[in-house]
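Hey, can you work out the whole structure from these sequences and the hints?
Protein chains in written order, with the working numbering: chain A, 1 to 302; chain B, 1 to 285.
For the record, the hints were derived by calculation from the structure and aren't laboratory data.
Note that the Cβ used here is the ideal one computed from N, Cα and C, for glycine as well.
The reader is advised that the hints may include incorrect statements.
Unchecked claim - Computed Cβ-Cβ distance ranges for the label pairs, DEER-style:
hint, chain 1, residue 1, chain 2, residue 2, range
1, B, A242, A, A129, 48 to 54 Å
2, A, R130, B, K243, 55 to 61 Å
3, A, Q230, B, P192, 55 to 61 Å
As the list claims (entries may be wrong) - Every beta carbon over 10 Å from chain A, so not counted as near; a handful from chain B, in silico:
hint, residue
4, W47
5, P97
6, D133
7, S160
8, A253
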Amino acid sequence: MAPAQGSAQTLIGTLAQAWRVLIGRQIAGRGLTVFPDDVFLVSYPRSGNTWARFLLGNLIYPNDSVTFSNVESRIPEIYFNCDRFLRQLPRPRMLKSHECFQPHYPRVIYMVRDPRDVAVSFYHHNVKARNIADDYPVASFVPRFIAAEFDRKFGSWRDNVLSWTVLRKDAPRFLMLRYEDMKQDPIQALTKVVDFLERNSFRKINFSAEALQRAIDLSSPERMRALEKQEAGRWVLTKGTRSDKPFVRSAISGVWKSQLSADSVAAIESAWGDLMQSLGYELVSTRTAASVEPASVRGLRS
Amino acid sequence: MKQLNKIWMNLGTVASTALGRVPAGRGLTVFPDDIFLVGYFRSGSTWSRFLFGNFIQQNEPVTFTNMERLVPIIYNLPDRVLRTLPRVLKSHECFDPRYPRVIYIVRDPRDVAVSFYFFNLKVRVIPDGYSLDEFVDRFVAANVVPYADRVGCWQDHVLSWLRLREGKPGFRMVRYEDLLADPAKELTRLAPLLRIDPTPERVERAVRLSSASHMQSLEKQQSKQWAAMKDSRQDIPFVREAKSGGWRNKLSANAVRTIEQAWGATMTELGYELVMDADRELVKG
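In structure tokens, the structure reads:
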């Protein structure tokens, strides 16, 4: 990019930001106003957070179903909405965030997913967002994923997961869910969430077997794919990205087995093996490197 | 009137955004070579700005008036200005995964409590006569003042950095107490992270230009010009005792118990000896 064009863009960015301030529409992000009764749905990117927003949204709001058009007013994300809008939502709120440990988030549901699957999903996501080309090798992407080159502010998968689990693992206001467990037994996962929300005096939820099943059915990959086809052009997360690549992808676990090379798998496992194991993700490569994790990660999973 | 005030403040924010004058804070642009001096509030971070600033900068001694230029804090200047300044930055943030090189300063939370109490008197967050015991309850619950509460309580802050970065190449922890006892030794130990050759002359100069007595006399001369403190109460100094263990004759047994009950395990891990036994009875004076 030519320097002149670069500074023109900076100027436009500054003026756009000033305009947003003028009309009270700054993006909340890290400047979000946090209320003591908030519940945060936190995860590293591409760890099933959007699916969870559908699941929980369909459970919490039984009268109509969650779509990509209304999810931002049900369980909104903090990066595309302005603080003023979020402040006006009915309380208690449930908000989506990708932040590393935030001490002032009062209640947190943290979702974790096998980083080998996250790598595959994140790769396709970056193709969709035009950050990398169609033919960019996955093998070149993985080391950059490990080094947290994409979305640096959320840290690496390890930084994000470890920061929350090590600091809040025993706290009554923290609930960790594995994506894989949610896929395998969504009823059990939702029951855990309901217990957690009840314990933390969230709004009243109907958690009959029918209500849980309804939420699960309304959040199936098939339904989400169909909705994405209709609504992708209007949803803030997908607007402007490549429409030939879906946002809702495989929605299954273990895809990495067929999509990652042995070297890529070994790279991820040697970087984060101890943390992965403590979360119950079995390692497959023979490890040569000595343990790099501090003792603090051991025994995270209770 | 209140409405008018609100509109006026809003317009001020608009103008500062348009002119690029919003303090960087968490929106800071981070570069791969940056060095961050991180610590909880009142954990010696201003002193460390002097000490490390004088260790790194060889031309101009650090003072209260040039500190914002030589060792800037991320909360005062806009990102645009910070990009042009030396990149040794002071920050009070809880774990931030982007910081590439970090010197983390930790201090006995019992001393932090006392120091933070006097600081909040100085900046008029609490009034004269406010009970220290009551303040300690708020301190432990991170319920003092919103800008501080946001980065968590002392234990959240310390553990967030320690558990995520201990043993990693870009991270060194230093105890305020060790820095105070033997600053030359600690500077020498931390020199490789700063990519500095710690010659005895260079270390000695940094220590001399950052002594408590030197800083106290500078504060007397400059406190009216130092932007961060010019509107605060001038009868309470910013540079206080610069000693460790002051809590012993300031905190009540109850306050000590509150702190040790909340954070005892972390304090022990960091080598801060507890004075309450398992039943929270005073065993040492």
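Practice task
Hint says 48 to 54 Å; check whether the CB-CB distance for A242(B) and A129(A) agrees.
Solution key: Cβ of A242(B) to Cβ of A129(A): about 51 Å, so the range 48 to 54 Å holds.
Exercise for the section: Please settle this one: S160(B) was flagged as non-interface, so is its CB more than 10 Å from every CB on chain A? Expected result: violated (5 Å)
Exercise for the section: Using the Cβ atoms, figure out if R130(A) sits within 55 to 61 Å of K243(B). Expected result: holds (57 Å)
Exercise for the section: Could you check that no beta carbon of chain A comes within 10 Å of the beta carbon of W47(B)? Expected result: W47(B) clear of chain A: closest Cβ-Cβ about 25 Å, beyond 10 Å.
Practice task
Run the C-beta distances from A253(B) to all of chain A and say if the shortest one exceeds 10 Å.
Solution key: Given that every Cβ of chain A is farther than 10 Å from that of A253(B), nearest at about 28 Å, it holds.
Practice task
Taking the shortest Cβ-to-Cβ distance between P97(B) and chain A, state whether it exceeds 10 Å.
Solution key: violated (3 Å)
Practice task
May I ask you to test the hint 55 to 61 Å on the CB atoms belonging to Q230(A) and P192(B)?
Solution key: Holds, since Q230(A) and P192(B) (Cβ atoms, about 58 Å apart) stay within the stated range.
Handout entry: D133(B) remote from chain A - nearest C-beta pair above 10 Å
Key = holds (24 Å)
Hint violations for this structure: numbers 5, 7, all remaining hints satisfied.
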